[in-house]
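Chain order of the listed sequences is A and B.
Position 127, counted from 1, in the first sequence is what my numbering calls 127; the numbers after and before it change by one each time, with no gaps.
Basically my numbering = 1-based index in the second sequence + 186.
Since the hints were derived computationally from the structure, they do not count as laboratory data.
Small disclaimer: the values here were computed from a predicted structure and weren't measured.
One or more hints might be untrue.
Stated by the list, open to error - SDA-like cross-link-like pairs, simulated, lysine to any residue; straight-line CA separation at most 20 Å: (1) B:472 - A:149; (2) A:91 - A:149; (3) B:223 - A:45.
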Amino acid sequence: MRIVFAIVLSTMASVTGLAQTRYFTKSGRITFYSRSPLENIEAVNNKVVSIWDVNSGQIEFSVLMKGFEFEKALMQEHFNENYVESDKYPKAIFKGIIESSNLLGLAVDRSAAVKVNGNLTMHGVTRPVTATAVITVKNKLITAAASFSIVLADYKISIPSLVADKVNKKITINVNIPDYQLVVKK
Amino acid sequence: MKKNISVLLLLIFLSFVQINAQSLLQDVADSIPPNQKVSGAFKSTRVINAHSVEMLHKRNLDFRIMHRFGFISSGIKQLYGLDNASMRLSFDYGITDNTTIGFGRSTFRKELDLFVKTRLFQQSTGQKAIPFSLVVAAGGLVWTEESFAAVKPIFSDRTSYYVQLIAGRKFSPVFSFQLSPILVHSGMPANTGDDETIFAMGGGARLKVSKRMAITLDYHHPFGTLNDVTTDPLSLGVDIETGGHVFQLQFSNATGMNERAYITQATGDFFKGDIRFGFNLSRIFKLGRK
Numbered sequence: 001m002r003i004v005f006a007i008v009l010s011t012m013a014s015v016t017g018l019a020q021t022r023y024f025t026k027s028g029r030i031t032f033y034s035r036s037p038l039e040n041i042e043a044v045n046n047k048v049v050s051i052w053d054v055n056s057g058q059i060e061f062s063v064l065m066k067g068f069e070f071e072k073a074l075m076q077e078h079f080n081e082n083y084v085e086s087d088k089y090p091k092a093i094f095k096g097i098i099e100s101s102n103l104l105g106l107a108v109d110r111s112a113a114v115k116v117n118g119n120l121t122m123h124g125v126t127r128p129v130t131a132t133a134v135i136t137v138k139n140k141l142i143t144a145a146a147s148f149s150i151v152l153a154d155y156k157i158s159i160p161s162l163v164a165d166k167v168n169k170k171i172t173i174n175v176n177i178p179d180y181q182l183v184v185k186k
Numbered sequence: 187m188k189k190n191i192s193v194l195l196l197l198i199f200l201s202f203v204q205i206n207a208q209s210l211l212q213d214v215a216d217s218i219p220p221n222q223k224v225s226g227a228f229k230s231t232r233v234i235n236a237h238s239v240e241m242l243h244k245r246n247l248d249f250r251i252m253h254r255f256g257f258i259s260s261g262i263k264q265l266y267g268l269d270n271a272s273m274r275l276s277f278d279y280g281i282t283d284n285t286t287i288g289f290g291r292s293t294f295r296k297e298l299d300l301f302v303k304t305r306l307f308q309q310s311t312g313q314k315a316i317p318f319s320l321v322v323a324a325g326g327l328v329w330t331e332e333s334f335a336a337v338k339p340i341f342s343d344r345t346s347y348y349v350q351l352i353a354g355r356k357f358s359p360v361f362s363f364q365l366s367p368i369l370v371h372s373g374m375p376a377n378t379g380d381d382e383t384i385f386a387m388g389g390g391a392r393l394k395v396s397k398r399m400a401i402t403l404d405y406h407h408p409f410g411t412l413n414d415v416t417t418d419p420l421s422l423g424v425d426i427e428t429g430g431h432v433f434q435l436q437f438s439n440a441t442g443m444n445e446r447a448y449i450t451q452a453t454g455d456f457f458k459g460d461i462r463f464g465f466n467l468s469r470i471f472k473l474g475r476k
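Given only the sequences and the hints, what does the whole structure look like? Please build it.
Below is the structure:
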């Protein structure tokens with residue numbers, strides 16, 4: 001019985017330990033680009049939520065689609081109304097794993113390239129996504145950056161033939177986390 | 187007893203594991219903002235003839251070309267009305283997201299019009315939800331066509347004014363409806379005997395049929411004394427949106443495309459084939475940086 005007790009206690013301790021190595025941000029930045037001969041489209045969202053569990057490598061992002069800002073207000077309206085249908089699908093969610101996340105060692109200043117595998121859910125469609133991310137530690141500040149591209153058709157986002165020359169079928173997405181904060185459990 | 191404690195501990199432990207297995211995001215405050223403005227009740231700032239509850243965004247310029255042809259009932263001799271065209275050109279500009287000014291010129295009576303349109307509040311969802319948007323529009327018009335009347339009209343005879351209240355709601359992503367009471371005052375009504383001040387009740391609706399197409403309806407009923415040939419302006423149209431353009435194709439009984447003209451000078455019975463084909467072309471330009 002004592003053994004059971006010890007196991008339970010130690011596992012509980014380790015679970016709590018896991019929880020304490022989580023990093024979190026509410027001010028992540030995601031930018032996306034569509035380059036085409038007729039028009040370049042760019043949008044930015046500065047309120048991306050991300051949480052990363054260093055020990056397990058689990059990383060998740062939550063992006064409010066209406067949070068994307070475009071240079072042209074009309075583009076933003078069309079993006080929400082006609083392309084991503086943000087009333088119906090308000091968020092994009094990414095759930096993935098950073099490979100060898102627990103071996104990173106965030107105590108010293110360093111920069112490391114890591115592989116991220118996961119699933120991106122957007123516009124009601126979930127697709128696997130792979131990207132290389134660079135995690136940098138400098139003066140205890142943890143930043144992360146990654147870039148990948150997606151094909152709009154994969155997410156059932158259709159481009160009408162009338163504007164086919166203005167919207168690239170492939171969209172480049174840049175992710176930038178300027179400051180991951182350690183989650184302190186209450 | 188000991189056993190009970192360990193079972194209890196095991197349960198607590200399991201509950202911890204449970205939490206850990208769930209999504210990380212569930213532990214953090216990650217919710218949709220409580221208040222969100224509802225936009226895009228109509229595709230354009232005009233339902234067809236009437237102002238819609240929609241506003242131009244800040245520093246956006248809307249260049250509009252509106253056309254109305256003759257009555258389709260005029261037959262093949264007039265190519266079903268296509269031989270006669272009446273048009274209105276206009277420039278509308280968004281000073282802020284809530285205030286638009288506009289200038290237009292119509293070929294009908296060579297009439298110029300100026301207006302200011304302000305959104306008092308916008309429909310929103312959430313804790314402090316507002317069920318509808320309220321917009322007020324006010325304008326002044328002057329017709330410049332030469333008069334052959336025995337007594338030449340003076341400037342105040344040529345001018346007219348309107349003030350309109352537009353209350354609109356996007357009931358669903360597909361359906362929007364607005365009510366638009368309007369007061370039009372003409373210095374000298376176009377037809378002798380007409381009331382100088384006319385109140386009209388308006389209704390406008392949009393039914394989205396696809397992501398880029400919608401069916402629109404625009405109707406006004408004037409109260410007061412108007413000439414016998416004057417009818418209620420009724421228009422039925424299709425909105426087609428392509429990026430920065432909105433094409434509005436419609437069938438209407440009104441020739442005039444400004445408030446004075448379509449409220450007080452619409453003729454023809456829509457249901458007897460006195461219908462004009464027409465279109466509005468709207469091109470939005472973004473001026474300056476955000």
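The hints, checked one at a time:
no., hint, result
1, B:472 - A:149, "28 Å, violated"
2, A:91 - A:149, "18 Å, holds"
3, B:223 - A:45, "18 Å, holds"
When held up to the earlier numbered hints, the structure conflicts with hint 1 and nothing else.
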